Amino acid sequence: MIRYILQKISFTLLVLVGAATCAFLLLHAIPGDPAQALAGPQATLEDVQNLRRALQLDRPLPEQYVRYMGSLLRGDLGRSYRNGKPVSELIAKAWPATAKLSLTSMLVAVVLGVPLGIYAAVRRGSPGDTAAMILSFLGVSMPSFWLALLLIIQFSVVLKWFPFYGMKGAASYVLPSLTLGLGIAANIARLTRTSMLEILGQDYVRTARGKGLGRPRVIWVHALRNAAVPVVTIIGLQFGILLGGQVVTETVFSWPGIGRMIVGALIARDLQIVQGGILVLAFSFAAVNLVTDLIYGLIDPRIRC
451 MIRYILQKIS FTLLVLVGAA TCAFLLLHAI PGDPAQALAG PQATLEDVQN LRRALQLDRP
511 LPEQYVRYMG SLLRGDLGRS YRNGKPVSEL IAKAWPATAK LSLTSMLVAV VLGVPLGIYA
571 AVRRGSPGDT AAMILSFLGV SMPSFWLALL LIIQFSVVLK WFPFYGMKGA ASYVLPSLTL
631 GLGIAANIAR LTRTSMLEIL GQDYVRTARG KGLGRPRVIW VHALRNAAVP VVTIIGLQFG
691 ILLGGQVVTE TVFSWPGIGR MIVGALIARD LQIVQGGILV LAFSFAAVNL VTDLIYGLID
751 PRIRC
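Heads up: the sequence shown begins at 451 in my numbering, then just goes up one per residue.
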């Protein structure tokens, strides 16, 4: 098990180095000059050059890369070009909002998706199974921005039950969590159904039924644990994507998360914030995948062999 953990941690570190390198190269390949954007349209060429020199953007790209990676090793994400504040401080203010929304959205997805998938598998071919799969298909197909607008119109404008702007108490989590969670719940339900159908057809499940074990015990104890590996996979991946910041949902609901912050930094050409944000999101995604891999080893000992 220790060797398995060390392999996963090593792979995660390589992923982070690759993500930092890709973020640096891609952002410097974007057309436009950060110094020109910060100086404004009225700035002279001399002002732009002085600003570029102050920001050390006039240095060769390899030198900038080495300095950037060295700063990361020291835990320094740099400072914002716009206001001079540490990027780590700005991210620390935005990331909790994204993390909280991700947790509530994933809770909605798991609570709805797993039972729905199990019900559809147990009732295979029934009208309930058909209805569950139709709902799952609609959930997967529906664009998140359109669902967000439907929820806002019905529950904020018409019924006036929930707010739709900003993060203002527990009620403000409802609509964005449903917007993100319903689509993920549809994916989880479909995968849970497929995995459960495969397991329910195994010999040991039929043997358990033949021994007189109750249906709930066969489903929840014997079948679900063996069907859980692909379900844990999709949950881990989707949670990592949620931590990556849902730009559309955060924009529609004016949610002060990291995805919205990165979009604003891209528009302003504040590369330090964008690089730091991408690195934090990559770390979050890699950490979730690492935890998911470790859970694999606990669920199925064959995986860590």
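Calculated from the structure, these hints are not laboratory results. A few of these clues could be false.
Heads up, simulated SDA-like pairs for lysine to any residue below, C-alpha to C-alpha not over 25 angstroms straight-line [said to hold, decoys possible]:
#1 Lys610 - Ala620
#2 Lys535 - Leu476
#3 Lys550 - Leu687
On a predicted model such as this, the values are computed, not experimentally measured, just so you know.
Evaluated hints:
no., hint, result
1, Lys610 - Ala620, "15 angstroms, holds"
2, Lys535 - Leu476, "23 angstroms, holds"
3, Lys550 - Leu687, "17 angstroms, holds"
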